[in-house]
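Peer 1: Generate coordinates for the entire structure from the input sequences, incorporating the hints supplied.
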Amino acid sequence: MFYLDKKALQDQPDVRTLNKSVDWSAEFAKRNKSAHYPALKEYYAQGVVSPETPLSEVPLVALDFETTGLNPKTDSIVSIGLVALTAQRIRCKEAYHWIIKPDTELKTKSVVIHGITHSDVASAPSFNSILDALLQHLQGKIVVAHHKDIETRFLNSALKHYINEEIVFPCIDTMALEARFSRTFKRTFLRSLLGQKTPSIRLTDCRTRYNLPYYRQHNALTDALACAELLQAQIATHYPEQSVPISAIWC
Amino acid sequence: MAIEQVEVTDFFHRHKPFSDLAEQELSQLASGIEIAYYKAGSPILTFGQDNNQWFVIRSGAVEVFRRDGELYNRLGEGNFFGELAIMRNRPVRFPVVALEDTLVYLIDAETFNNLFDSNEQFADFVEVEDRSRLRDSNADRKENDSLLTAKVEKLIGQLPLILPPNTTVQEAAVRMTEEGVSSVLISNDQLSVNDDADDEELVIGIVTDVDIRSRLVAQGLKLSSPVTDIMTSQLTSVQSHQYVFEAMMLMLKHKVTHLPVLKKSQPIGLISHQDILRYESQNSLFVVKSIFNALNVDELAALKGEVQTCFSRMVHEDANSQMIGSAMAVIGRSFKQRLLELAEQEFGPPPIPYCFLALGSMARDEQLIVTDQDNALVLDNRFDPQIHDEYFDALANFVCDGLDRCGYTYCKGGIMATNKKWRQPLKVWEQYFSQWIDKPTPETLLNSAIFFDLDGVWGKKVWADSLNRLIRKKAYKNARFLACLARNALLRTPPLGFFKDFVMETDGRQTNSINMKRRGTAPIADLIRVHALSVGAKGRNSFARLQGVIESKILPPGRGADLRDALEFIAMVRIRHQAFDIDMQRVPDNDIEPEYLSDFERKNLKDAFQILSDAQKFMKYRYQPGRHL
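So the sequence lines, in the order shown, correspond to chains U and B.
Counting from 1, one number per residue, gives the positions in the first sequence under the working numbering.
Counting from 252, one number per residue, gives the positions in the second sequence under the working numbering.
It cannot be assumed that every hint is accurate.
[As the list claims (entries may be wrong)] Going by beta-carbon spacing under 8 Å, a handful of chain U positions derived as facing chain B:
(1) Pro54
(2) Ala84
(3) Gln88
(4) Arg89
(5) Arg91
(6) Lys93
(7) Ala95
(8) Tyr96
(9) Thr208
(10) Asn211
(11) Gln217
(12) Leu225
(13) Gln232
(14) Ala233
(15) Tyr239
Please keep in mind that the hints were generated in silico from the structure rather than gathered at the bench.
Using N, Cα and C, we set each Cβ at its ideal position, and we do this for glycine too.
Peer 2: Okay, structure coming up:
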């Protein structure tokens, strides 16, 4: 889900949300107890890697949603793509893709973007019928997303709607990471004179920067893969030793 | 069941050998891959490590090294590596390093092996036994058209009528009538085998219906005259295992309508023009006829387009490089012959006998469409420049100007009959060759290598034969001469391969195009010439020479066949691209831009270049100065 308008992306993501103070293990243990929905309870039961775990050893899962619009309150999810990876390898064997019947109206405006039509969703399962499988594929892994707010907010909103519960988890946001790396690119007077702009952190532009191939956007599975590859490139470029603790990049 | 990644599948669809896979195999492959990213400069495979994955480059580029650190190959999008270690189940031998930031798709060994075992096309493409791949790719094409690959023996019907030389013409006529044939072979079983006699000289002549009419009846000879009085001697014959197209070329070249077919030295049949017409497309025949019907140089020059059309049609009919090369050589020779006929009409009969020589690719029967004229004149030993040279100078200029107008551009090196140096009596030519061979220096040989491929086109062709014999005798096992010749043959080397749309040189440099003649066919022809001269092999065509070299067993086992396949493949790429230029109405040339090469051609060309490079190393070793042959 990367069809944010230009304006939304020109704003730097809020890096203050990089919240290193949360004790995720404790948070998961607590929620394991309070959760009612069995699959969610199981998700929390699998816990989370300790913050000191080196990046090289962390199981990851790249996640992407296509939605009917940008507002989690009025829009809903139409497809979910995910693919498992580590810092070394992306495993296409562990990739999944669901088309979902949205519980709000499928707007023509979004159909143009993700190409999922009314007839596609007519026979598609509803979100709650795939929820267990989704949680199962997420458990024990750290979620990777490009502009994570879409995924976290829409997931929470869907959970609220169907099981009236909440989900929280640590997340690696490749867009936030890219913004962090490009902060070293200072906007100097000379650069503005030369017309140099701050590097774009849109997914396609980020990928080009790392010599990754062009992929068509707005298929949840392809976007998840694109995001997974971007993270690999970011790690290879900025953390070639892969010994950095996971807490340095999650939020 | 794993899910298919559209972008991955699309990528595989675009690249061989994956694009050859069935839809289901392909999506299964795509959904099972792993993906990894390597920063420029980082190692991907290191020497001695175990490897159980096959690497396919999705984006970026890598370099493959030999163990000693020498660059072996550079690979880009769609190329692959790591198959060697999987197939041999051995640790990695060729380390691989990312040259650019690189994304690779990884296919596990099991999937790779399954594909390799179950899919022949896939295996062929991946096959690390580069040499066998090249052979297959040449063979595939040849099997397409049986007409062009038919052997002479297919055309033979009944056994030929053979009579001894003391038969009278009347006896012969009676036997011919009984057998219902229009020609008879005259064979001499007692023929003594002298030094230079070929086996085929067992058959000493042929008598046809026409001979009886024109040489006996019309001349008023007696019916009891021996057949030897009216037979055509100095017979051209064809071996039963030769191709039909070769028989046709022989007929065109020697302007005969019947050819005895021999198996070794035994005549086993006789084929006529008519037999062949049923088998061969008439392309080149038509052009040759038009050449001899042309009344002047203007009409000859107008045939330039016909020649190109004929060339391109043969390519589309899947002729091999030998067929095309010899057809073009016959056409080139016909132009020369017709021009000489016209010249003799214009300037009158020659004051002394002469022989017009074709040199280089035409003499080797390897002429293509983009070619300059290389020729020379051998004159009778009575040649006196004061008296005769005005005539031959005019003749040479007439022919060379004519050839230029017919599409055979002037030789930039001045190797033409118009050059006084190359318009000399036979004895001077003998001195030239003696000088080149007995007192060789790389410098003098540099520009004279072309003279070692010579063929008589017109006039006293026996002089050309005698010069060829002289060369063969003097060059045989002549270590010093061969060392010089080999040194010059190493001046032109093949590139390492291709990378993206560039030609990659062995030192890693990249260029935009490759001259397929200068970097491919010419160095192979040079190399084969050295070996052929060293063993005294007959024949001037590179394939024929190579056969002689193989039979002499001087090459390591299998290398001769490799070289033949490499020459055929490189020549065909060159030919196909010239035909493509003609079809696109561009001026054909020898330069090929890698962007016009298919994946298949690139891969096979790289193999062919490697074979040539290895063969050059072997030549360098074998003919090092002072080494005893």
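Peer 1: Now look at each hint and say whether the structure bears it out.
Peer 2: Now the hints, each set against the structure:
1. Taking 8 Å as the C-beta cut-off, the interface hint given for U:Pro54 is violated, the closest approach to chain B being about 18 Å.
2. Interface restraint check: U:Ala84 against chain B, minimum CB-CB distance 10 Å, threshold 8 Å, status violated.
3. Hint on U:Gln88 holds. Least Cβ distance to chain B is approximately 6 Å, under the 8 Å limit.
4. Interface hint status for U:Arg89: upheld, as the beta-carbon distance to the closest one in chain B is roughly 5 Å, under 8 Å.
5. Hint on U:Arg91 holds. Least Cβ distance to chain B is approximately 6 Å, under the 8 Å limit.
6. The interface hint given for U:Lys93 holds, since its Cβ lies 5 Å from the closest Cβ of chain B, which is under the 8 Å cut-off.
7. Hint status for U:Ala95 relative to chain B: holds, with the closest Cβ pair at about 5 Å, below 8 Å.
8. Taking 8 Å as the C-beta cut-off, the interface hint given for U:Tyr96 holds, the closest approach to chain B being about 6 Å.
9. A distance limit of 8 Å between C-beta atoms decides the matter here; for U:Thr208 the minimum to chain B is near 10 Å, and the interface restraint is violated.
10. The beta carbon of U:Asn211 comes within 4 Å of a beta carbon in chain B, closer than 8 Å, and the hint placing it at the interface holds.
11. Restraint check, U:Gln217 versus chain B: the minimum CB separation of about 10 Å is more than 8 Å; hint violated.
12. With its C-beta approaching chain B no nearer than about 6 Å, U:Leu225 sits inside the 8 Å limit, and its interface hint holds.
13. Interface hint status for U:Gln232: upheld, as the beta-carbon distance to the closest one in chain B is roughly 4 Å, under 8 Å.
14. Because the beta carbon of U:Ala233 sits about 5 Å from the nearest beta carbon in chain B, less than 8 Å, this interface hint is met.
15. Interface hint status for U:Tyr239: violated, as the beta-carbon distance to the closest one in chain B is roughly 11 Å, over 8 Å.
Checked against the numbered hints listed earlier, the structure breaks hints 1, 2, 9, 11, 15; every other hint is satisfied.
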